[in-house]
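Protein chains in written order, with our numbering: chain G, 1 to 283; chain X, 1 to 283; chain W, 1 to 283; chain L, 1 to 283; chain A, 1 to 283; chain R, 1 to 283.
The hints are simulated quantities; they were obtained by calculation from the structure and are not laboratory data. Check each hint, because a few of them may be wrong.
Since the list gives no way to pick out one identical chain from another, each pair is judged satisfied if it fits inside one copy or across any two copies.
[To be verified] Pairs of lysine-lysine, DSSO-like flavour, derived with a Cα cap of 27 angstroms: (1) 268 x 165; (2) 85 x 268; (3) 268 x 116; (4) 116 x 165.
Number of protein chains: 6
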Amino acid sequence: MDELLLDHLIMGFLAEDIGPGDITTDAVFGIDQQASAVLQAGEPLVAAGMALAAGRVFRVLNPSIAVEEPMEDGRRAEPGAVMLKLRGPVRDLLRGERVALNLAQRLCGIATLTRKYVDQVAGLNAQITDTRKTTPGLRMLEKYAVRVGGGRNHRFNLADGVLIKDNHIAACGTISAAVGRVRARAPHTVRIEVEAESLAQVRECLDSGVDIIMLDNMSLDEMRRVVKLVGGRARIEASGGITLENVRRVAETGVDMISIGALTHSYKALDISLEMEPVNPKS
Amino acid sequence: MDELLLDHLIMGFLAEDIGPGDITTDAVFGIDQQASAVLQAGEPLVAAGMALAAGRVFRVLNPSIAVEEPMEDGRRAEPGAVMLKLRGPVRDLLRGERVALNLAQRLCGIATLTRKYVDQVAGLNAQITDTRKTTPGLRMLEKYAVRVGGGRNHRFNLADGVLIKDNHIAACGTISAAVGRVRARAPHTVRIEVEAESLAQVRECLDSGVDIIMLDNMSLDEMRRVVKLVGGRARIEASGGITLENVRRVAETGVDMISIGALTHSYKALDISLEMEPVNPKS
Amino acid sequence: MDELLLDHLIMGFLAEDIGPGDITTDAVFGIDQQASAVLQAGEPLVAAGMALAAGRVFRVLNPSIAVEEPMEDGRRAEPGAVMLKLRGPVRDLLRGERVALNLAQRLCGIATLTRKYVDQVAGLNAQITDTRKTTPGLRMLEKYAVRVGGGRNHRFNLADGVLIKDNHIAACGTISAAVGRVRARAPHTVRIEVEAESLAQVRECLDSGVDIIMLDNMSLDEMRRVVKLVGGRARIEASGGITLENVRRVAETGVDMISIGALTHSYKALDISLEMEPVNPKS
Amino acid sequence: MDELLLDHLIMGFLAEDIGPGDITTDAVFGIDQQASAVLQAGEPLVAAGMALAAGRVFRVLNPSIAVEEPMEDGRRAEPGAVMLKLRGPVRDLLRGERVALNLAQRLCGIATLTRKYVDQVAGLNAQITDTRKTTPGLRMLEKYAVRVGGGRNHRFNLADGVLIKDNHIAACGTISAAVGRVRARAPHTVRIEVEAESLAQVRECLDSGVDIIMLDNMSLDEMRRVVKLVGGRARIEASGGITLENVRRVAETGVDMISIGALTHSYKALDISLEMEPVNPKS
Amino acid sequence: MDELLLDHLIMGFLAEDIGPGDITTDAVFGIDQQASAVLQAGEPLVAAGMALAAGRVFRVLNPSIAVEEPMEDGRRAEPGAVMLKLRGPVRDLLRGERVALNLAQRLCGIATLTRKYVDQVAGLNAQITDTRKTTPGLRMLEKYAVRVGGGRNHRFNLADGVLIKDNHIAACGTISAAVGRVRARAPHTVRIEVEAESLAQVRECLDSGVDIIMLDNMSLDEMRRVVKLVGGRARIEASGGITLENVRRVAETGVDMISIGALTHSYKALDISLEMEPVNPKS
Amino acid sequence: MDELLLDHLIMGFLAEDIGPGDITTDAVFGIDQQASAVLQAGEPLVAAGMALAAGRVFRVLNPSIAVEEPMEDGRRAEPGAVMLKLRGPVRDLLRGERVALNLAQRLCGIATLTRKYVDQVAGLNAQITDTRKTTPGLRMLEKYAVRVGGGRNHRFNLADGVLIKDNHIAACGTISAAVGRVRARAPHTVRIEVEAESLAQVRECLDSGVDIIMLDNMSLDEMRRVVKLVGGRARIEASGGITLENVRRVAETGVDMISIGALTHSYKALDISLEMEPVNPKS
């Protein structure tokens with residue numbers, strides 16, 4: 001994850017939440033009052049982004065804030081676990097609180113959900129991957145949380161991976177024509193992936209030498225047949241309709257990857273709170 | 001919702017998703033090929049942002065795209081319902097698809113969830129309101145969707161509302177001291193809201209003439225006693241632990257507002273897809 | 001005042017003044033030459049923003065510059081008084097000079113003018129407030145200076161306060177209809193303010209339960225009658241045609257607030273200069 | 001004035017004033033309601049920026065707004081004169097009103113003040129010029145208004161003009177050394193200007209072949225002697241302590257330019273208002 | 001190439017060149033004077049970016065400028081050939097001239113140079129590709145020009161392709177360890193490329209199943225041996241020390257790609273000029 | 001060169017090259033692994049921007065990187081010479097490498113080429129100057145490199161210098177009319193330069209009192225006659241068709257300046273590489 005880009009994002013998030021100033025906090029606290037605080041888990045979760053997201057919010061706000069003992073990415077936390085320690089001006093701790101929590105709760109939500117999917121396919125070959133169904137503006141952070149949860153990333157944007165879909169195929173007439181056009185123009189550094197809806201299309205993919213075949217909403221039975229047909233000549237990505245209930249059965253068909261939009265579009269923000277040590281009345 | 005700010009956000013979302021260019025689509029489609037497409041509901045939902053968010057994505061991308069018949073905000077859509085019609089260069093329809101869907105699915109998710117809460121308290125006085133627990137970068141849009149769903153907005157940022165919380169009170173010694181400090185500095189255009197954790201604190205609030213009292217995680221019984229004690233001298237906002245199951249019982253206590261973080265932090269992206277009319281092979 | 005936003009503003013101001021580089025100073029001084037300088041008052045004034053604005057300009061330009069002993073906000077300075085001490089690379093002191101002075105002179109101008117109005121109403125209930133008639137791009141800083149001078153802030157922007165004016169009323173037919181529409185949509189955290197031009201309209205305001213009534217260009221006599229009529233049921237803001245000469249008479253009518261556009265649109269930049277300790281010729 | 005830069009500035013000004021949205025207007029007016037409005041002078045003034053600043057604010061906000069009959073830059077307007085006509089969505093007229101007025105009032109203020117100085121020196125050789133004592137963020141617009149008022153512009157920033165001041169001279173030992181260093185590095189396209197505090201320094205300037213000599217706070221008598229001494233070998237700029245009362249006497253000394261910080265740091269925002277034609281109640 | 005990003009870049013280029021305004025042109029031409037102009041080739045070249053770069057500069061500057069008959073990308077132009085026709089306000093044609101030419105001359109320079117390399121390897125299998133040795137800020141445009149010239153693009157940035165170099169290998173101990181680490185984390189949509197300096201390393205690459213092997217500065221003889229050894233199991237990219245003189249010999253070794261930094265770091269800006277039809281004196 | 005603007009540029013360059021993250025390096029190196037590296041010349045060159053450009057890239061990326069012993073601007077380096085020393089996290093050294101080299105190679109290329117032209121005219125009066133034919137986005141840096149190489153800068157943008165060309169003259173009818181219009185509006189701080197194509201036009205320039213006369217593509221003989229005719233009453237700038245071969249002959253005609261577009265549009269990126277000290281395998 002690129003830190004310069006991250007800081008740029010965080011500045012935007014802080015501007016959104018703070019506006020021209022915190023009129024409550026600025027009235028109550030002097031500019032010099034210091035405090036300590038911790039971020040604390042309120043439910044079981046997989047930690048993600050305590051240093052890189054939550055801690056960084058406070059560092060961007062005020063580099064003099066001490067950000068200590070961030071819980072390591074990927075560690076499981078139980079309710080009550082301290083996930084980050086902070087010390088600095090009260091004003092800045094309160095100004096950064098909401099953005100830090102809004103980020104941390106979502107990233108831990110994604111990592112925790114991803115881990116559940118990853119655990120479901122334990123021992124099998126298939127890898128859990130995300131999609132481009134991310135929250136606008138948060139893709140870099142959300143894909144980071146997927147990695148923390150043990151998942152893998154699909155392409156980041158339309159420029160760093162090829163995915164030939166039904167509309168592209170229709171426009172070219174055949175899969176082979178579409179693959180030809182793309183292969184003649186796309187950087188050689190990216191693989192060619194094609195979405196197939198039938199065994200016939202899978203065969204066309206193989207004939208065209210595609211690198212990855214995405215199976216769109218196929219039945220388990222169809223997937224098994226595809227795996228057999230492909231026989232290792234391309235990677236196979238299952239996609240569509242995957243749930244925690246059926247993911248293991250999908251993995252057992254032998255596909256290489258299972259991409260799941262829900263990792264980033266239907267996670268829950270988990271319970272994390274900022275607890276501040278009481279500040280003495282200003283004398 | 002401010003359209004200039006909105007367009008600025010959308011440009012950022014598009015940049016994130018497109019990167020330096022769509023290497024698949026650019027290889028397949030000529031710059032002049034035109035197509036039509038619709039956005040279609042895949043499950044029952046409350047429409048939100050079809051014109052202002054989804055449609056605007058395409059207009060920002062290319063002002064020549066025709067964006068027609070957006071489903072009206074707040075209307076209930078059944079599966080298969082057409083929510084927006086588009087016509088323009090294929091390249092731009094495909095480049096905008098993901099961002100438009102990522103936004104539309106989320107905004108409809110929020111409006112739909114909000115509507116469920118609002119329906120639960122039908123006939124009662126209490127209003128459903130959101131919180132600052134929004135997705136970083138999406139607050140303006142998410143709060144818009146809450147309004148579409150029949151909910152009300154809490155403060156947008158730290159500058160446009162006063163909320164005196166436990167840390168502020170502790171720092172000042174008493175609620176009355178905290179209220180005094182804030183009243184002496186905050187713009188007279190905003191109300192003074194204080195978070196109270198006990199009846200004793202509610203009494204302090206009344207003595208200090210606060211405008212709104214937020215009850216933090218009180219029992220139904222406590223809330224009823226507060227409503228009686230306050231007797232209309234301040235507005236009462238219930239907060240914490242609200243679910244679709246208990247929201248009506250909370251409303252029945254007589255509180256004026258019920259604020260629910262889940263509206264914006266735990267909604268589901270709903271199923272909406274872009275269906276493009278097949279494009280003929282380029283001759 | 002939000003410091004992240006402030007630094008962003010200052011960077012823009014410096015870019016405007018410096019352009020691609022200071023061709024005079026860069027030719028004369030080596031990159032390592034150090035100097036000391038002070039900001040000095042040239043006329044009696046109320047200090048505002050010496051640390052937050054003037055000092056910050058130099059810190060943004062070069063964090064290694066020592067910025068010391070800023071005169072406290074709100075203190076009265078006599079001609080010759082040292083308001084800020086600086087020490088660092090000559091080049092940076094000269095590059096920052098103009099922006100720092102341009103800001104300091106204006107902020108002190110606002111604070112000094114505000115203080116005059118505030119002093120005029122000493123002992124009375126009325127508070128002096130600003131308006132949205134601020135210099136484009138400087139609102140946050142100008143409203144800060146108003147607070148330093150003892151004034152209060154009206155709403156910061158169109159989103160953080162409700163003000164129903166003649167056009168809104170005309171469009172809705174009656175004040176009560178306008179208030180109803182706004183109350184049904186605006187966040188509950190902001191007060192409802194309505195502009196009234198007659199006693200009849202003041203009565204309508206009271207019937208509609210508005211929180212604040214703005215009296216637009218009323219005579220002293222009308223204001224007195226309004227104060228009596230309202231009897232504490234709403235706050236009253238006098239507006240229009242206020243001068244240093246008549247402000248006390250307006251306050252004596254018993255209004256709660258007096259809003260004055262001149263605080264931010266017709267102040268004078270006061271005389272403050274940067275005096276640098278002579279730098280020895282570079283050997 | 002560069003229009004791309006101008007639009008960028010205007011977007012920032014609108015964002016500052018509107019924030020996430022106009023909660024009053026959006027509640028009252030439908031998105032389709034249209035209205036007409038005019039900008040009207042409330043006192044005698046010299047028009048400046050009606051098309052380029054005020055009108056452009058509305059065009060940036062919504063390109064479909066009709067902006068017509070802007071009063072020509074430099075024309076004198078009497079109270080009641082219509083300076084600009086607008087027609088478009090009510091919402092956008094109200095959202096743009098404050099920024100347009102805040103700009104127009106200031107620019108007309110500068111043009112009007114500049115004109116007064118220019119009129120004072122009518123028939124004499126001296127030209128009135130501005131300085132870098134402009135409002136941070138508004139320099140391009142303020143210097144434009146100076147030109148409209150008949151004044152001339154001094155350098156725009158530190159990169160597009162050379163001005164060797166006391167600190168530069170002290171650091172180099174002599175004026176001739178300072179001029180030498182600058183001449184060896186600055187682009188040949190800019191003139192060399194030096195600030196002189198005595199006749200001796202003026203002589204040094206002449207010996208060094210400087211193009212412009214700035215006289216800092218000299219008496220009328222000294223200025224006369226300088227004019228005689230220089231005898232056309234360099235241009236002479238008078239600076240410091242210039243008022244409407246003494247400007248003609250300064251001009252009569254024979255100096256070429258008189259630079260006046262007050263043009264941009266101590267002007268008054270003039271009375272201009274937006275009058276909207278009543279909008280019928282929404283049926 | 002993404003047009004939103006492109007327009008953003010162009011705005012920055014125009015701001016750099018125009019600054020606060022064109023003081024020569026604004027003094028000479030009225031805002032309404034119209035003119036026609038053409039961009040004309042001054043030497044033989046391959047056209048690139050006449051519509052997307054040069055034409056777009058004028059459209060960004062003023063959407064009312066007519067931009068017609070751009071020479072098609074990839075066409076060879078002879079001296080005197082008209083490459084673009086323009087018609088619009090003289091001021092805007094002159095303000096955009098330099099940026100449009102600076103871009104067009106460079107993009108045509110790249111396309112022309114690329115075409116020379118591509119022509120040298122005509123009939124052979126090898127493809128000419130660019131590198132990340134592009135001009136900071138211009139990568140998207142420069143890589144576009146490479147494609148226009150018949151070349152192919154290597155990765156756009158560090159996120160959309162894997163290239164394991166000597167430092168990565170040294171840090172992991174072996175190529176296989178490095179590949180393993182990267183394969184376990186990088187998106188499955190990108191190929192794995194490894195830089196090899198010897199046949200031993202090429203063998204390690206094959207054993208690790210890498211997709212692309214980059215040969216760094218190998219002799220023709222070594223390359224031939226690598227091609228034989230690899231036998232189609234991976235793609236081979238030749239790199240380092242390629243010139244127009246030796247590129248065909250390199251291609252004849254059988255490598256798949258030849259990457260050439262000079263395409264984007266050592267091209268010449270070609271001679272293109274803007275010829276304006278004389279504008280009549282303003283009466 | 002303004003460092004704030006420079007840092008802003010560098011952030012954009014880094015964002016372009018890094019994208020959402022370096023997927024190779026992040027997989028291989030831990031966040032804490034440190035390394036040392038040097039930038040090394042690969043061919044004879046004149047150093048430019050080692051501290052201000054290359055070193056600053058790393059400081060912007062991570063302020064904790066030690067940037068030491070930058071080779072002084074203008075020094076001649078032989079192959080193998082160490083030009084900059086770096087020490088810090090391996091990840092950041094590798095992430096910054098390409099941008100730092102892309103800048104350093106270009107700036108040294110410009111300085112080296114400029115020096116060649118400057119050396120050619122050694123002992124003569126003429127100065128070598130650049131033009132506005134710079135790479136879009138890099139003008140500030142490229143003009144800096146020209147100064148490092150011993151050249152002088154022409155105007156930076158259209159606002160900081162006057163250059164009246166054929167189109168301006170045609171539009172005004174005569175040179176004297178054009179000069180008059182410009183002199184009446186342009187800041188007095190900039191010189192008036194006019195492009196002349198014949199001796200007749202040179203005479204007109206002299207009659208109009210222009211400061212600088214640019215000779216466009218004149219023969220050596222014509223230039224000699226112009227020099228004689230002008231006789232010191234204006235500066236003379238030769239322009240067009242200058243090469244390393246003919247520059248001395250042009251200088252010998254007695255012109256004051258020789259402007260050369262090739263300095264910034266046809267330089268070569270010189271060979272500089274980053275050599276990293278081997279990093280031990282991560283245990």
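Verification of the hints:
no., hint, in the structure
1, 268 x 165, "between (30 angstroms within a copy, 25 angstroms between copies)"
2, 85 x 268, "within (24 angstroms within a copy, 31 angstroms between copies)"
3, 268 x 116, "both (13 angstroms within a copy, 18 angstroms between copies)"
4, 116 x 165, "neither (29 angstroms within a copy, 35 angstroms between copies)"
Checked against the numbered hints given earlier, this structure breaks only hint 4.
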